[in-house]
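The residues making up each chain are set out below.
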Amino acid sequence: MIRGTYCDKKQQTFHSITDLNELSQCKDNDDIFLWVDLQDPTKEELAKLGVEFQLHPLALEDATHEHQRPKIEEYDNFYFVVFYAAHLEAETGELDLREIDIFLSKHYLLTVHEKPIEDLKEIQLRWTRNAQQLHWGTGILLYSFLDTLVDGYFPVVDALVDQTEDIENQFYIRRGQLRERDTALKLLTLRKRFLALRRVVTPQRDILNVLTDHDSPIFDERINVYFRDIYDHIARLADTVDLYRDQLSSTMDANLTLASNELNKVMRTMTAASIILMVDALVPGIYGMNFENMPELKWEYGYFAVLFLMLGLTIGLVVVFRRLRWF
Amino acid sequence: MIRGTYCDKKQQTFHSITDLNELSQCKDNDDIFLWVDLQDPTKEELAKLGVEFQLHPLALEDATHEHQRPKIEEYDNFYFVVFYAAHLEAETGELDLREIDIFLSKHYLLTVHEKPIEDLKEIQLRWTRNAQQLHWGTGILLYSFLDTLVDGYFPVVDALVDQTEDIENQFYIRRGQLRERDTALKLLTLRKRFLALRRVVTPQRDILNVLTDHDSPIFDERINVYFRDIYDHIARLADTVDLYRDQLSSTMDANLTLASNELNKVMRTMTAASIILMVDALVPGIYGMNFENMPELKWEYGYFAVLFLMLGLTIGLVVVFRRLRWF
Amino acid sequence: MIRGTYCDKKQQTFHSITDLNELSQCKDNDDIFLWVDLQDPTKEELAKLGVEFQLHPLALEDATHEHQRPKIEEYDNFYFVVFYAAHLEAETGELDLREIDIFLSKHYLLTVHEKPIEDLKEIQLRWTRNAQQLHWGTGILLYSFLDTLVDGYFPVVDALVDQTEDIENQFYIRRGQLRERDTALKLLTLRKRFLALRRVVTPQRDILNVLTDHDSPIFDERINVYFRDIYDHIARLADTVDLYRDQLSSTMDANLTLASNELNKVMRTMTAASIILMVDALVPGIYGMNFENMPELKWEYGYFAVLFLMLGLTIGLVVVFRRLRWF
Amino acid sequence: MIRGTYCDKKQQTFHSITDLNELSQCKDNDDIFLWVDLQDPTKEELAKLGVEFQLHPLALEDATHEHQRPKIEEYDNFYFVVFYAAHLEAETGELDLREIDIFLSKHYLLTVHEKPIEDLKEIQLRWTRNAQQLHWGTGILLYSFLDTLVDGYFPVVDALVDQTEDIENQFYIRRGQLRERDTALKLLTLRKRFLALRRVVTPQRDILNVLTDHDSPIFDERINVYFRDIYDHIARLADTVDLYRDQLSSTMDANLTLASNELNKVMRTMTAASIILMVDALVPGIYGMNFENMPELKWEYGYFAVLFLMLGLTIGLVVVFRRLRWF
Amino acid sequence: MIRGTYCDKKQQTFHSITDLNELSQCKDNDDIFLWVDLQDPTKEELAKLGVEFQLHPLALEDATHEHQRPKIEEYDNFYFVVFYAAHLEAETGELDLREIDIFLSKHYLLTVHEKPIEDLKEIQLRWTRNAQQLHWGTGILLYSFLDTLVDGYFPVVDALVDQTEDIENQFYIRRGQLRERDTALKLLTLRKRFLALRRVVTPQRDILNVLTDHDSPIFDERINVYFRDIYDHIARLADTVDLYRDQLSSTMDANLTLASNELNKVMRTMTAASIILMVDALVPGIYGMNFENMPELKWEYGYFAVLFLMLGLTIGLVVVFRRLRWF
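Sequence order for the protein chains is A, B, C, D and E.
Counting from 1 along the first sequence, just add 3 to a position and that's the residue number in the numbering used here.
Counting from 1 along the second sequence, just add 3 to a position and that's the residue number in the numbering used here.
Counting from 1 along the third sequence, just add 3 to a position and that's the residue number in the numbering used here.
Counting from 1 along the fourth sequence, just add 3 to a position and that's the residue number in the numbering used here.
Counting from 1 along the fifth sequence, just add 3 to a position and that's the residue number in the numbering used here.
None of these hints come from the bench; they were simulated from the model.
Incorrect hints may have been included.
For identical chains, the list gives no copy identity; a pair is met inside one copy or between any two copies.
Straight-line alpha carbon distances no greater than 30 Å define the calculated DSSO-like cross-link-like pairs of lysine-lysine that follow [claimed, not checked]:
hint : residue 1 : residue 2
1    : Lys195    : Lys12
2    : Lys12     : Lys109
3    : Lys124    : Lys46
4    : Lys268    : Lys189
5    : Lys12     : Lys301
6    : Lys268    : Lys109
Can you make the complete structure from the sequences, with help from the hints?
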């Protein structure tokens, strides 16, 4: 699906392109910025665009294959940027990272992605609002684009952080049941998600670093401070991700210690109980012996005395084990 | 809440501003340093200040959102610094990190924060004391500001260090009770706090590094050595935080080993006890058999002999297990 | 086995060399690129080639010994590159890393390897396809060569990643059987393979980095963007390998926690069962005593009452332990 | 306590200063090097010295507060160095790090410390011995000073290394007793000490690095090779500390594994013993039944046969468990 | 023991020096390279040599003390290199690192070491073989020297790697016996050796790096590529050492998991066996009661029925526990 939008720099108005043949006209018009968004394009569509906009075959090839690493590459006539949008799937809680390939030149912005990305609507809105800065060039378009994508990471990271905190908070509540299995699996899942995030966030921070430091004819220098702002946001994200990735290791260790502690207590209690029962069992064992001369057996209330003895032993041992904190 | 103070450089006196309209006059007066402190400002107040002092919209936006990363950013006409004040809440022991956003130009210092920060009173006092260095420019104000904030970290870090040491010291005292659960949780909490501290201390060290190395028209060069002094303090903090973060991992491991050791000893003791009881139980079991020809049963003192046998077995096994260090 | 191919730059045609004496003629012909592939050469063959092409004795020596570290070295008249091809053996799943030593000058490409490498056929195909770029020099040959080798890593890494994910997915399925032993061994094997991959991937990334940044009379500058493309692929590989190497540690920890959890549950259940049996055993123990005065023994249905009592105790304890989640 | 020494460069003689008023004369005399050592000075003494030698207030403030980070700071007229002396307390084995603050200019060396430092006597001796190099300037004094302090670290590190090796060596001796608790605590203590050492050694290495690379009017260039020598010693210390800090983690892990192994063996032995006892107990249990028709009960030697049966079962099971290595 | 060899550059012949007084003549002769090897020299011998060859006192002092860190230091008239030779002691398998201190100038090579080093004979052989490159200067001597020493590391590292692989391979064989204790100790020893190797290999790599990058009047520039070759070998060593040091941690973890797994299985089996025995014991317990009305007791084959019942229970429970994989 190809969707074209062009913006008249002088009149600061945005127009949709209905006929794809208009593209050729738009791309050479200095008064116009062109944004072409390709969702799940066929190889032929991409090849055609490549010819139209004179894109380098290597960049085109990267755009046709998913799972590129976030990167920025400078070609003769354009920049090629690979960036990721992040979302948590509402139902499953799965982390969903969607790749967007961006071609940016002085006159146009091409975006290629496979699945629909909701942030794109938001981006269009922001462009309309920032229309007065359009004479700074396409850099401001890229800024709005990347800023919106990066803003989309915060709810994701916050949700993961909340889940981590929730798990830890459960540690502090006295647990009557065995939960360390579920906790271990949840922590493993969370750690994987933080690792996956880190894998895109760190190189994306490098991209922004390049954009901030970079002098380029494409970007007005007033735009640098804007890229620095995104850089700052993404550096904060990277910090949080690293912090929690580190913290999760400790949490996993704590979970293991708590599980082992829980077991220790139960086993101790049970073993203590079995000791008491064995001591109790010794008494009837003794009076079940068949010796001819066992005076107690003839006592009138011997049987009851023995029952009381057993009760007494039980109570005594319970008290002792309590003192030793084995119950 | 807006609170303005201005300082007459020539007369080295400080005055409160009661009427906010005075701000416009003060900010263009070369003989005056202006400090405006905004506590929990509304968006409108900030916007108005932004217009008055010509603050860049990105810096203003950062100041309206909490949870920025500590950073220093140079704009055309001012520096924007994000710094954190640290306190431990007296009752809960919670680590409380409060963000302060600072705008600094040649003529004014604007500070924006959400909750009241007690260090601010201390800062005002120090300015009055250092009045003779005021002709060095606003850099000395920033120095006093940051130095006071950084000094506030030391009692926090010391308290956390003390808590860590306390927990470790308890290891060395022979523990009769199971405490590894509480210890694990306390260590986890401490580790989290050290991580949280690290997350602000490390970038703040970078801020001071920038201030120390930096040539700027705003800062007199005599001020560099002062910033280096704060840099040094914060580098020491970062060292301590890293040291204890590392040490806490070992402490957690040691706690696990001790817990496992404690369990080992108890289980061994209990299992040994159960062995003794089983051996004891074997004897009456044997004499409870109904064989017609069991000579011992007819012995006059057979019953008592058996009781002594059991006592002897018990004592013997206790001695053996003692030797093997199983008790 | 020596196999020579030469390419006529003007006519863009490829020819096999049947007579090895042709080599001397080909290597001085400016209109020709020469590719000589040596599979498992004898020391004499290598020495002869070394004389023919004036190769430095140190590079020749490196080419005769296997297990070099991936590297690029610039000599006066040629580059010496050590690279690895990666494959998973279909049957055993063993990681198979095969060293290829490459000598590259303006006029020729020499490749030395011990075992047959299948990628080499693929490389020949690609050269034929990219014939129109041959006037860029031998750099494009090296590009095709390295790109094909690097592409060969992706199925290998993907297979290892799949195996890792498989193991983790099994964690989430409720396991009725003890599998932590096998899992631990599989994880250990996987980690070793990731480490082995990392050991060649990281220095190979450095090789590409050198090739990208490098100005050299051998390489046309249009080739740089191609090397950057391979750099990018191999950087992605390195990221993946690092990610999973890190993740595997957590997986191993989780496996240990799960194993311990599994044991905890079984031991608790078993210990609970033994407590129930001991309580049950106490009852017949009591009524096996030989006291003369034990009224219950004379009750008509005493025996059956006792059996019901035991049944009741069993049911009661099962219910209690269920509540405590010990079953 | 203030102790002054001055050295006549021409006559190469050392003199004590008895009257503190001599200081003012000495410090302006180009033929003299002045060393003033302040032990636990009052604030007033320091302030007075600060005025006398024109020390920067920030350096003075650092010298009044303990627990500075090792550092070197260049001021207009002097260097300010914070260094630590290391000792192990003979009785408790506690690591004792004592801070020394050093002010060094072309003409004088001021040293400030709280507790007495024994190395200082040694330093004085070395100065007397190296008197012929005194015309190189005060740098040679600083060299002797730092070299003596760094030499003091080697016995400390060696002692800690020996303690670590001792603990590890005990692992290899078959242990009959439970020691993992003590071992864990000792390892924890050692690790803390290595960490504490690292915290001062690493920045001190940086100080020497600065001194080695540095061009300064205070230091004759012939002194550089001397500082490089100390740098080298302290780099070796840092290596050792890092090596053992790393090794201690493995040792802690090994201790846990050994402890767990020890428990495993004991538990297995004990459980096997309890199985044997239960099997034994089954036999008299059977012959304690009250069935009317139990032919064995009437056998003349039934009772003795049963005793032999029990003995046989015991021996048999012991043999079986031995084979399975459960004993 | 002092052993001198000198080489006549023109005639490319090697001669032993029998009279130590020849040294003075040789060292000033431009047509001669002098190699003096000192094994376990006395302080006086070293001092004498120091005077003869004008060695800096600091370098001499380093040469008198063992356990220097590998390093290269440039003095006015010579280079001072500390390097280590590595061997595994054939009997004990101990890692034996022997320090060699090297003084190298344009005309001579002095080597100082304590214990005999076998590589030295090999080095002499190589010099004779490479005699035609002797006009490149003493650099080629140093190359042969270091290359031989570095080559000596490969069998050492290979042996350690083989031991590590052996231990891991034993994991994959089903183990019937408890070996985790020995395995843990072996792994600990191996890790220590890898750490010790790393401690010398990493700084030695730095030495070669310095030699490769360095321009010096002592070294002909044709020698650089030779040093790069050694650099490459030692970088490979460092990689291997790091790889296995990392891998050993995982192996230790795996060993712990396997040990715990082994225990789990044994404990489960034993506990299951004790449950079966307790169930069995319940039956004779019941029929050992003394109730007057117990109809089964009067059954003719009651006793045998009970024995079969017990047998049945045993078989039934074994089957159930088998199904649950507890056996």
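Hint by hint, here is what the structure shows:
1. Lys195 / Lys12: So lysine 195 and lysine 12 fail the 30 Å test inside a copy (45 Å) and across (51 Å) alike.
2. Lys12 / Lys109: Close inside one copy (13 Å), not across copies (38 Å); limit 30 Å.
3. Lys124 / Lys46: both (25 Å within a copy, 26 Å between copies)
4. Lys268 / Lys189: Classified as both; 24 Å inside a copy, 19 Å across copies.
5. Lys12 / Lys301: neither (115 Å within a copy, 110 Å between copies)
6. Lys268 / Lys109: neither (70 Å within a copy, 66 Å between copies)
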